[in-house]
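Just remember that the numbering used here sits 939 ahead of the position in the sequence shown, which is counted from 1.
Derived from the structure by calculation, the hints contain no laboratory data.
We put the CB at the ideal spot given by N, CA and C, even for glycine.
Fair warning: there could be bad hints in the mix.
As the list claims (entries may be wrong) - Cross-link-like lysine-lysine pairs, in silico, DSS-like; alpha carbons within 27 Å at most:
| hint | residue 1 | residue 2 |
| --- | --- | --- |
| 1 | LYS1126 | LYS1136 |
| 2 | LYS1147 | LYS1028 |
| 3 | LYS948 | LYS1136 |
As the list claims (entries may be wrong) - Derived DEER-like restraints, expressed as beta-carbon distance ranges:
| hint | residue 1 | residue 2 | range |
| --- | --- | --- | --- |
| 4 | PHE963 | LEU1082 | 19 to 27 Å |
| 5 | GLY1056 | SER1026 | 30 to 38 Å |
| 6 | PHE963 | TYR1006 | 20 to 28 Å |
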Amino acid sequence: TTAGETIIKMCNDAGIPIIAENSFYDEAACETAGQVACQYNDIGYAAVKWAAENIENAKLVYVSGYYGIGVTEIYEDGVNQALADFSDKVTLASQLTDDDWTIEGAYNVMSSYINGGYDFNIVFAQDDVVAKGAYQAIKEAGLEIGVISTGGSEDSHIAMENGEMIANMTAPADLQGLIAFGMAWAKLNGESWGGEKIALPVIPIDMKNFDEWLFWDDLDGGYAWVVANIGPYVPAID
């Protein structure tokens, strides 16, 4: 039993509705009024799909963080599924692991790979830290190869504006809170809204739709996205 399941069961026993955020739980084991969570496999899938659709004959290098805490493993599931689904458009040139999960670590593994003379034309970096290191190695080698990153933070926005990444699989963190609030509103008002489980959306951004970037602190923009894609809610109890 996880700590989250324990808390949910305590609320169940006390008759208090609870919304679960950032993790999905087995509804057979505990009852929630809604669940919203980031699915890292969706992000990995989206990155490979973007490469397949935007890079001709894509030969992708996937630079991951280290294994053991469950994040990289889930990313890898999505990457592998997309590689299978788009096998006619993208192949995995190599998977590199940054065991330090730092800019320097990513730079080192990317530099070593480049120095080996291998053939690739796109890089997927698991997050902004890894992306920065990979980009530095690519730039230093004088190559014009794009880096796909994830998350959609303000740092990502600046990096793309500066040409340091070609695309970002954004997963705006504020949407998670806005969706959770919508679930709470629905429960308190006896409404049906959004479904029992909602995955945090992955919104691919590149320079073609750069102006659609959803900043994490832009709650008005985030709520507008929720209204357009899930539905409106009124932040009040009737």
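Status of the hints after comparison with the structure:
Restraint check for LYS1126 and LYS1136: the C-alpha separation of about 14 Å stays at or below 27 Å, so the hint holds. Among the hinted pairs, LYS1147 with LYS1028 is consistent with the structure: their alpha-carbon atoms are about 21 Å apart, no more than 27 Å. Distance check on the hinted pair: LYS948 and LYS1136 sit about 18 Å apart at the alpha-carbon level, within 27 Å; holds. The hinted range of 19 to 27 Å is not satisfied by PHE963 and LEU1082, whose Cβ atoms lie roughly 39 Å apart.
The hinted window of 30 to 38 Å between GLY1056 and SER1026 is violated, with their beta carbons roughly 25 Å apart. Here the CB-CB span from PHE963 to TYR1006 is close to 21 Å, well matched to the stated 20 to 28 Å.
The structure fails hints 4, 5 (numbered hints given earlier, in ascending order).
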